[in-house]
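Novice: Protein chains in written order, with the numbering used here: chain A, 1 to 80; chain B, 81 to 345.
Rather than coming from a laboratory, the hints here were simulated on the basis of the structure. Source: prediction; values computed, not measured. Just to be clear, a hint being listed does not mean it is correct.
[Claimed, not checked] Covered stretches of chain A, as calculated for chain B (at least 3 residues, CB under 8 Å): (1) 23–34; (2) 66–80.
[As the list claims (entries may be wrong)] Straight-line alpha carbon distances no greater than 30 Å define the calculated BS3-like cross-link-like pairs of lysine-lysine that follow: (3) B:Lys165 with A:Lys64; (4) A:Lys6 with B:Lys261; (5) B:Lys326 with A:Lys64; (6) B:Lys261 with B:Lys240; (7) B:Lys200 with A:Lys63; (8) A:Lys39 with B:Lys340; (9) A:Lys6 with B:Lys326; (10) A:Lys63 with B:Lys132; (11) A:Lys6 with B:Lys165; (12) A:Lys10 with B:Lys261; (13) A:Lys63 with B:Lys165; (14) B:Lys340 with B:Lys326; (15) B:Lys165 with A:Lys2; (16) B:Lys165 with A:Lys52.
We treat Cβ as the ideally placed atom computed from N, Cα and C, and that holds for glycine.
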Amino acid sequence: MKVEIKVGLKEGITDPEGLNIKKSLKLLGFDDVQNVEVKRSYVIEISGKDEKKIREDIDMMCKKLLINPVIHDYEVEMIK
Amino acid sequence: MPFGSIWGDSMDRSEIKVCVLRIEGTNNEDEMYYAFKRLGASPELVHLKDLKDIFDYNCLMIPGGFSAGDYVRAGAIFASRIRAKIANDLHRFIDEGWPVGGICNGFQVLVELGVLPGFKRMDYPDACLFLNNSARFECRPTLLKHENKGKCVFTRNIPKGEIMLVPSAHGEGKLLLPREKEQEYFDRLFENDQVVFRYVDKEGEYAGYPWNPNGSAHNIAGICNEAGNVFGMMPHPERAYFDKNKNGISGMNVFESVLKYIEEK
Numbered sequence: 001m002k003v004e005i006k007v008g009l010k011e012g013i014t015d016p017e018g019l020n021i022k023k024s025l026k027l028l029g030f031d032d033v034q035n036v037e038v039k040r041s042y043v044i045e046i047s048g049k050d051e052k053k054i055r056e057d058i059d060m061m062c063k064k065l066l067i068n069p070v071i072h073d074y075e076v077e078m079i080k
Numbered sequence: 081m082p083f084g085s086i087w088g089d090s091m092d093r094s095e096i097k098v099c100v101l102r103i104e105g106t107n108n109e110d111e112m113y114y115a116f117k118r119l120g121a122s123p124e125l126v127h128l129k130d131l132k133d134i135f136d137y138n139c140l141m142i143p144g145g146f147s148a149g150d151y152v153r154a155g156a157i158f159a160s161r162i163r164a165k166i167a168n169d170l171h172r173f174i175d176e177g178w179p180v181g182g183i184c185n186g187f188q189v190l191v192e193l194g195v196l197p198g199f200k201r202m203d204y205p206d207a208c209l210f211l212n213n214s215a216r217f218e219c220r221p222t223l224l225k226h227e228n229k230g231k232c233v234f235t236r237n238i239p240k241g242e243i244m245l246v247p248s249a250h251g252e253g254k255l256l257l258p259r260e261k262e263q264e265y266f267d268r269l270f271e272n273d274q275v276v277f278r279y280v281d282k283e284g285e286y287a288g289y290p291w292n293p294n295g296s297a298h299n300i301a302g303i304c305n306e307a308g309n310v311f312g313m314m315p316h317p318e319r320a321y322f323d324k325n326k327n328g329i330s331g332m333n334v335f336e337s338v339l340k341y342i343e344e345k
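Work out the full structure, taking the sequences as your base and the hints as a guide.
Specialist: Here you go:
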């Protein structure tokens with residue numbers, strides 16, 4: 001099974017990278033751009049079929065490596 | 081001393097073994113090695129894969145650089161590999177009062193490990209060294225004011241209030257604490273004497289960018305844990321080993337302080 005994890009910043013954390021991208025897009029003439037959020041996506045291929053167990057493992061992977069809980073939120077999507 | 085001696089007598093400088101821990105992408109280990117070597121200690125460059133027992137050493141140092149390419153987050157992969165290999169030993173090493181230091185990327189590793197600020201034992205981070213406000217790598221000399229009243233074993237040799245010129249070179253150095261506990265955590269850092277270095281301008285005042293290269297709250301550049309034996313800072317004292325200020329203080333004093341602590345431990 002493939003699982004996609006999207007890691008983004010928690011609400012209220014200023015994103016200097018997103019602000020910089022927004023500024024550059026505006027300089028390129030995209031005046032309608034209101035906001036840019038940068039997210040990082042991990043697609044993880046994992047063996048086994050027990051979705052509950054896979055979900056638990058994914059949460060542990062996030063906690064142990066993929067996110068820093070001080071700044072990050074994450075979403076998980078199971079891709080068959 | 082806060083943690084009684086296990087040798088009885090003080091330790092000879094040349095017997096002090098310092099583990100300068102490296103993995104792929106660390107790149108300041110040589111400067112750190114020579115800082116300890118010049119002071120008469122016995123440092124060793126040790127790849128994490130080759131580390132047998134942390135208790136073979138009297139001090140653990142994590143150098144700067146871009147460990148594991150800074151993939152995922154700066155310091156995150158190095159931290160997870162340390163956790164996988166020596167997590168319990170590392171906590172015991174710290175509990176027994178042995179010094180652990182991290183410079184630049186090493187500071188990021190210690191924060192990702194959860195041992196700084198170290199308010200409680202945890203296996204995930206309780207702080208973050210986040211992208212600089214400028215969203216770019218900031219590389220230049222920075223002025224640091226030593227703020228510690230004597231708790232940090234890495235700076236006891238430096239008088240409080242001393243200002244030093246130490247190079248900074250990082251893209252992620254802004255100290256962030258959990259939003260819901262931010263005020264409480266900053267209060268604790270100051271009350272516990274855990275704030276070690278703060279960025280200042282040439283008048284010695286806490287100033288904004290570019291004096292503070294990353295936007296860290298309260299201009300914090302370096303902190304220690306509650307016991308004072310785990311220490312991390314973003315700027316590089318090992319690159320300012322010879323650059324004495326008018327009072328004769330340089331980056332050297334950081335390494336001298338910790339060696340003196342170990343000698344007396």
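Novice: Is the Cα-Cα distance between lysine 6 of chain A and lysine 261 of chain B 30 Å or less?
Specialist: holds (25 Å)
Novice: Given the hinted pair lysine 6 of chain A and lysine 165 of chain B, is their Cα-Cα distance within 30 Å?
Specialist: Holds, at about 28 Å.
Novice: Compare the distance between the alpha carbons of lysine 200 of chain B and lysine 63 of chain A with 30 Å, and conclude whether the hinted pair is satisfied.
Specialist: holds (17 Å)
Novice: Decide if the proposed pair is consistent with the structure: lysine 63 of chain A and lysine 165 of chain B, CA atoms, cutoff 30 Å inclusive.
Specialist: holds (17 Å)
Novice: CA of lysine 165 of chain B to CA of lysine 52 of chain A, is that 30 Å or under?
Specialist: Satisfied, since the Cα-Cα distance of roughly 28 Å is no more than 30 Å.
Novice: Given the hint that lysine 6 of chain A pairs with lysine 326 of chain B, test it: the Cα-Cα distance must not exceed 30 Å.
Specialist: violated (51 Å)
Novice: Between lysine 326 of chain B and lysine 64 of chain A, does the CA-CA distance stay at or below 30 Å?
Specialist: violated (46 Å)
Novice: Sort out whether lysine 340 of chain B lies within 30 Å of lysine 39 of chain A, counting only the CA atoms.
Specialist: violated (46 Å)
Novice: Are lysine 340 of chain B and lysine 326 of chain B close enough, with their CA atoms no more than 30 Å apart?
Specialist: Distance ~23 Å between lysine 340 of chain B and lysine 326 of chain B Cα, so the pair holds.
Novice: Do the alpha carbons of lysine 10 of chain A and lysine 261 of chain B lie within 30 Å of each other, as the hint requires?
Specialist: Within the cut-off at roughly 15 Å; holds.
Novice: Tell me whether the statement that chain B covers the stretch 23–34 of chain A is true, taking a Cβ distance below 8 Å and needing three residues at minimum.
Specialist: violated (count 0)
Novice: Need the status of pair lysine 63 of chain A, lysine 132 of chain B: alpha-carbon distance at most 30 Å?
Specialist: holds (27 Å)
Comparing the model with each earlier hint shows violations of hints 1, 5, 8, 9; every other hint is respected.
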